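Engineer: As a plain string of letters, each chain reads:
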Amino acid sequence: MSPLSRRAARQAPPPPASAASDWDAPELPPVARFAHGSRVPGWDDAVDLTKDPAVVPDLATTPVPTGLRETVEAAMARYPDPRSASIPALHAAQHEYGWCSPEAIEQVAAVMHVTPAYLTSVATFYDMLVTQPKGANDVFVCTNISCSLRGADELFRAMNVAAEDDDEITVRSFECLGACDIAPMASVNGEYVGPLEPADAERIVADLRAGKPVLEAKQLRNRPTADPGTAAS
Amino acid sequence: MKKILFDRIDEPGLNTLAVYERRGGYGALRKALQMTREQVLDELLASGIRGRGGAGFQMGKKVSFLPKGDMDKFLVCNADESEPGTFKDRELMQKSPHMLLEGIVIAAYAGGIDHAFIYIRGEYSYQADILDAAIEEARGAGYIGERILDSELDLSLVLHRGAGAYICGEETGLLDSLEGKRGNPRLKPPFPALEGLYDSPTLINNVETLSTVPHIIAMGGAEYAKIGTETSTGTKLVSVSGDVKRPGNYEVELGIPSRQIIYELAGGPLDGREIKLWFPGGSSAPVLTADDLDVPYDFDSMAKAGSMLGSGAIIVVDDSHPVLEVAMKLAKFYAHESCGKCVPCREGTNWTVKMLERIDSGEATPMDLDIMASVQEQIIGNCLCVLGDAMAMPIGSIIAKYRPELEAHIEAARERAGSGALENVVALGVADASAGPMPVH
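Chains as they are written, first to last, in my numbering: chain A, 1 to 233; chain L, 234 to 674.
Note that these hints are calculated values from the structure, not bench results.
Hints should not be assumed to be uniformly reliable.
DSBU-like cross-link-like pairs, simulated, lysine-lysine; straight-line CA separation at most 35 angstroms [unchecked claim]:
(1) K134(A) with K587(L)
(2) K634(L) with K565(L)
(3) K134(A) with K565(L)
Here are some chain A residues pointing at chain L (derived, C-beta under 7 angstroms) [claimed, not checked]:
(4) D81
(5) R83
(6) S84
(7) S121
(8) L129
(9) N144
(10) S146
(11) L149
(12) C176
(13) L177
(14) G178
(15) A179
(16) D181
(17) A226
(18) T230
Treat the numbers as computed from the prediction; the structure is a model and nothing was measured.
Note that the Cβ used here is the ideal one computed from N, Cα and C, for glycine as well.
Use the sequences and the hints to build the structure in full.
Structural biologist: Here it is as structure tokens:
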């Protein structure tokens, strides 16, 4: 018998996006196997979902908040292969619990019908998915080359000092955030602000504590383009 | 020069369908749908447009590599703009999202594609929200979905938000990430044009490239090719950052002198400072010095000057910064972002950081520079993707061009740390560069 191709296995119809009831687990995508039963090898397909002892948590015995479950299922429905939803699903779990806790990962795994280990491998790869408890507010200070040339390291130190005794504010230095035109800059809960001075660190913390928009005058969204020729042409 | 991508980019409401349509938006799509797929592809080929993401491969050729026939084909727009110094796609997506969507639909038509994805980096949440709204509007107006503008073209479009990984800007790493895995690059070949997303033929293009497509169709490929130089056609968005007075995005015609971009548009270095070195194409490009400022800004001239145009991001470093600081920032970034799949990159980036730290702590000898240079040589070309090369090229060029400064740094640091005078080490033969790299214990 000829070996099944991985491609054929991948193109099999995806499992239904939302199961009819808690007891109706979605169908597993088929695993490509040789005629004698062993799996067709492929380094980019490391997880064999049918293999013990990697256990897929049972949706029937794993309590999942309805909102989270609906978000994850909606994300799964958007892709030809529901596993593509792992990043959006983990984002949703992080939004729900504040971080990708083992329980949160277990719940997403139950809905997505994958092993928690698989999702953990994904969560640990990406900088924005956090597998340690963190504060509710994220401050990413870009310390990459363009920002550091303009004083990002001082800003990062000042930011750390300003938020030192506030557990709800997590300060991290981050890879290039793609806003070198406002260097040095920071992303405060996703809002890009810059150019910043070390003195702005206190104001960011104050705005966060007051629940106000952060440094409104320095938000990137209001900034016109630098190119002088764009209005005239 | 007439702006193409940045034409009245700050017009209020350009991110809405109403304003974009009032300016003639989606006219190019209507025009393309009157043509056959082959005619649209011919226009793209005639325009000679090269990919704006970094590799500079001709877009028309990429489309023509897709197999013909009835099968699942995918288009992935690479909006994972993470190359340090690059922020052009961010401004384009934020201010004119429909231009990108129109380009995607036209490119999908040319390639016979019916599923498209935009992979946007997770940090760009504001831009992603704008794109999401634009996609909804376009879908409502019949520009995306089934039987677009009553033609035979069907296209689904999904916006996928990443979660912060530089490597996902690499096309095959991006595909793995989009499939829901860790973003590890794949072995090539097979190239994505044959086996890409879900093992199906996939066209991957950068935001700026796809945003240019409507303009190519509107003005005609041959007309577009008249802009720029013969082998680098069209205009390019250049992100200028670092030690300049007016950092920002500028649209320039390819082939203008680099000096004009840095001095006239970006205002030149800060008062009282001189340009020491600059990266012409993001932090992955080999560095150029102040002597290279008159090199024309296009793909081939940059390659001839020993660097590359890359993503079109100029980072200017002035004389107030020690070159070691620049090298350290780069090496630490690439060491953090290396996915760890290939040994030369994973180990090479890590050891380069350690060797640079030795320089600063006063433990290094000039021989460390030779070892470091040889490590860079052993990374280049030996990995699945070019992340390792992206560190090795600038670090290698910094060692080659700024060796005297680095040696002076080594000596000063040794003195500071009391590591002993360099002559004593040289007397032992340890720093004999002609002996080649030796193991360090």
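Engineer: Compare the structure with each hint and give your call.
Structural biologist: Each hint tested on the structure:
1. K134(A) with K587(L): Answer holds: K134(A) to K587(L) is near 29 angstroms, not above 35 angstroms.
2. K634(L) with K565(L): Since the Cα atoms of K634(L) and K565(L) sit roughly 20 angstroms apart, the hinted pair holds (cutoff 35 angstroms).
3. K134(A) with K565(L): holds (24 angstroms)
4. D81: holds (6 angstroms)
5. R83: With a minimum Cβ separation of about 4 angstroms from chain L (threshold 7 angstroms), the hint on R83(A) holds.
6. S84: It holds, given that the least Cβ distance between S84(A) and chain L is near 4 angstroms, below 7 angstroms.
7. S121: holds (6 angstroms)
8. L129: holds (5 angstroms)
9. N144: OK, holds: N144(A) within 7 angstroms of chain L, min 5 angstroms.
10. S146: Holds - the Cβ of S146(A) comes within 7 angstroms of chain L, reaching about 4 angstroms at its closest.
11. L149: Holds - the Cβ of L149(A) comes within 7 angstroms of chain L, reaching about 5 angstroms at its closest.
12. C176: holds (4 angstroms)
13. L177: holds (5 angstroms)
14. G178: holds (5 angstroms)
15. A179: holds (6 angstroms)
16. D181: holds (5 angstroms)
17. A226: Cβ of A226(A) sits 2 angstroms from chain L, so the hint holds.
18. T230: Check passed: Cβ of T230(A) comes within 5 angstroms of chain L, closer than 7 angstroms.
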